[in-house]
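For the protein sequence lines, the chains are A and B, in the order given. Residues 0 to 474 (numbering that gives the first Met the number 0) are what the first sequence spells out, left to right. Residues 0 to 474 (numbering that gives the first Met the number 0) are what the second sequence spells out, left to right.
What the hints contain is simulated information worked out from the structure, not anything from laboratory work. All values reported here derive from a predicted model rather than from experimental measurement.
Pair ranges (Cβ atoms, derived):
1. A:GLU136 x B:ALA306: 19 to 27 Å
2. B:VAL351 x A:HIS231: 49 to 57 Å
3. A:GLN128 x B:THR450: 30 to 38 Å
Every beta carbon over 12 Å from chain B, so not counted as near; a handful from chain A, in silico:
4. GLY10
5. PHE32
6. GLU74
7. VAL280
8. ALA345
9. GLU405
Dumping the calculated DSBU-like pairs for lysine-lysine here, alpha-carbon to alpha-carbon at most 30 Å:
10. A:LYS332 x B:LYS168
11. A:LYS244 x B:LYS224
12. A:LYS168 x B:LYS168
13. B:LYS347 x B:LYS372
14. A:LYS224 x B:LYS228
15. A:LYS275 x A:LYS244
16. B:LYS168 x A:LYS220
17. B:LYS168 x A:LYS224
18. B:LYS337 x B:LYS224
19. A:LYS224 x B:LYS224
20. A:LYS228 x B:LYS224
21. B:LYS332 x A:LYS168
22. A:LYS224 x B:LYS369
23. B:LYS220 x A:LYS168
24. B:LYS228 x B:LYS332
All C-beta atoms in this analysis are idealised placements derived from N, C-alpha and C, irrespective of residue type, glycine included.
2 protein chains.
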Amino acid sequence: MNSNLHSESAGYTRVDDAAIGQFQRILGVECVFADTETRTQYGHDETEDLSYPPEVVLKPETPNEIADILRYCHERLIPVTPIGARTGLSGGALSLYGGVGLSLERLNRILNIDTQNLQATVEPGVITQVFQEAVEEHGLMYAPDPASRGSCFIGGNIAENSGGPRALKYGVTKDFVLNLEVVLPTGEIIWTGANTLKNSTGYNLTQLMVGSEGTLGIVTKAVMKLVPKPAHNMLMLVSFNSAEKACEAVSAVFRAGITPSALEFMERDAIDWTLKFVDDVSLPVGEEVAAHLLVEVDGNNPEQLMAECEQISALMEEYGATEILFADDEQQKNALWKLRRKVGEAVKAHSVYKEEDTVVPRYALPVLLKEVKDIGRKYGFQSVCYGHAGDGNLHVNIIRGELSEEQWNVTLEKGIREIFELTASLGGTISGEHGIGLVQRPFLDVVFSSTHRNIFQQIKQAFDPNGILNPGKAI
Amino acid sequence: MNSNLHSESAGYTRVDDAAIGQFQRILGVECVFADTETRTQYGHDETEDLSYPPEVVLKPETPNEIADILRYCHERLIPVTPIGARTGLSGGALSLYGGVGLSLERLNRILNIDTQNLQATVEPGVITQVFQEAVEEHGLMYAPDPASRGSCFIGGNIAENSGGPRALKYGVTKDFVLNLEVVLPTGEIIWTGANTLKNSTGYNLTQLMVGSEGTLGIVTKAVMKLVPKPAHNMLMLVSFNSAEKACEAVSAVFRAGITPSALEFMERDAIDWTLKFVDDVSLPVGEEVAAHLLVEVDGNNPEQLMAECEQISALMEEYGATEILFADDEQQKNALWKLRRKVGEAVKAHSVYKEEDTVVPRYALPVLLKEVKDIGRKYGFQSVCYGHAGDGNLHVNIIRGELSEEQWNVTLEKGIREIFELTASLGGTISGEHGIGLVQRPFLDVVFSSTHRNIFQQIKQAFDPNGILNPGKAI
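Same shape as in the complex, but just chain A (with noise of 0.2 Å):
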């Protein structure tokens, strides 16, 4: 647990009565919570076990309401952090320094799908499998899902541009984000492009929002593009002896030119966890068996995907696989899928952990997941890798196991610090979809150069000349 930094001692004001007053004055009574266990609520994410809460918690409705919340905000130099689902891995929803916690929850609308332009318009409080589905009856897809899509809210995934398994074919979030509706820290609205695949006009502001971790502006609508839903997919669970041969195979499938629809790496101990905290999946696994890979292809040419599969097959067999299942029917396919998406879960349930997000090249995905073993022993710490292999994207979860305070909360910081060295010295950096928040903070120097946060900071004084949004995040 933490409490808030001092507001007043980073020269924000603290929410009085006479705020409270005017948030009611614009939101209504029953809008404004400043009772102890709402703020308790609001005031943690999936981060570790961190706990900022705000002061107040408001939960407006419409962009003009959270356009005179801003105003009054940024004239009164309140702090504000904008709320999801609170999924959040990296704490960009804590409310650091205190102030408004600004939830999204009540704009939570697909205002329209578009079958003709293949597009949806959606605020930012919808789930993103609440969204999935819906696009999905009209038979088309919206292809980012991270692990928590059954809660996460698609303006939490726009925040942290958050990616999941078929980023891997399809995109993360930001491939599907065409034109953004904005209310920015001064209170006005603008929208940042255009409702078009194409768009050479002006500064790409979509872009720029996208990751930007709620500290530009509050994302209001989200136009966003969707692709037509394949007919047919396969689903495959590879064993292997060695978890760096694993690593290797996953290039392989590439460099042969196919692409499937996701390629997801798990060390041993992420299955043999995730089966326990799982109650309604069962799995032989070897004794012999360090890690699995879950290969998806998906298309409308069902011979075609039978034949990429036994592609995939060969070369994985030559890179030393030890056993092929395949899943046969939509019920095994949900079970597998349901493994890999409770790991995160698995791994918190079992232990005090951080979770860092990794992200290289994916050929340089073997030497990652060496080096990272490498630097626990030196620092003397077990990790947990799973992740997006296909992507590069390497999640490491370090186990608190018998760490002592010390160690934990003291030495471990360069133990990550050299693992973030080691990515950026393999072309890669520190976080591939979970965002920068709060815990990544202190590293941001392991990738950027002075020149390079003294433009962040720049763009951020354009956009929030006050600094009240979502202060302490992300850059």
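Following the hints, put chain B in place on chain A, whose structure we already have.
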């Protein structure tokens, strides 16, 4: 022809002998060109008949030389215009205020084709087609293919976020840029991102740089994504007696779940003029034909492509196609593509013209086409339309014809404004792939509020506090 705006009146310094001496010290005497012939040559691109020569043309070879030049010009307030292959269609490379014309032609090396990670590192002066052919030798594809690909530079493609026919399936330039080395106007050098497919680390300066038309920094290296080259493609030319019906057929293809690798539209005049312009392609065109669609599908499975072509043919007939011609071999494919790629040059050779680069959601294309013609009738101008129909990107070529000086230089602007207001009202914008450059700047207010433009200015300020880089362009 135009002459430069007076640089001193805009607060800039002229290039004097001291500056020339300094450039000669940085680059060597042989890389500094102050003669009239060179300056004239580098004072125009493919935009109408505009001419804005720089006071001096510099041809550096390294990022450090560029950094030295920019640092000097930043201190002295000398404007610097980056110049690529001068194939631009919005005047982005014109030295509006004189100053330095910074040619990137000597940074022309493909530094690395990484077949393990499917990416390549190139310098900005590499010709797009040269790059495409180099990666094809490894079985890979760089998909963006502007009509000028035989002469345009990758750096210019990045500056304007260029597209081309295959953008439809594979994306535009921005979708292929992973990471950029950039010399900032202050002379510092940064890498904008990482060499990874996913990245949620800090603001997305990579995407901010793409399409910024050389106003924020000079790209000196680009890490580009590559994809496996599909083994097969099929190409068909479809005739329609109604241009609007042809446009209607376009979105039907996508709604049927097919994503062609190209779907191009050409009005009758575009075809006729191009057939006259290129002397080695002949094509019988029936009297009633009003427009053609050129449709390409690609993939690894010829049977599937055949099935898609049959499905597309059936759809086309539903929308009134009168003839469908399949290209039998590579030679026929090349001939049809040549016809399409040469339309711009053919129109240019036929008459003085202005080219607008409208883009809308694709289902709105028939409405756009119809109303563009209505607006033309209202203002008394003829237009020839063609473009990337699958992307909703319609090039509207306004023909000078019999228009008076007054009509051409004054009245026409009102008509163009009306066309742009139309595209905006359809959810589109004023440039799909050519950029704003110089010639679309008077129309920015059609799509951007003053708040929005103010943010552009402040972002510009963050990168280029003295405003020396490509002044008068884009924003």
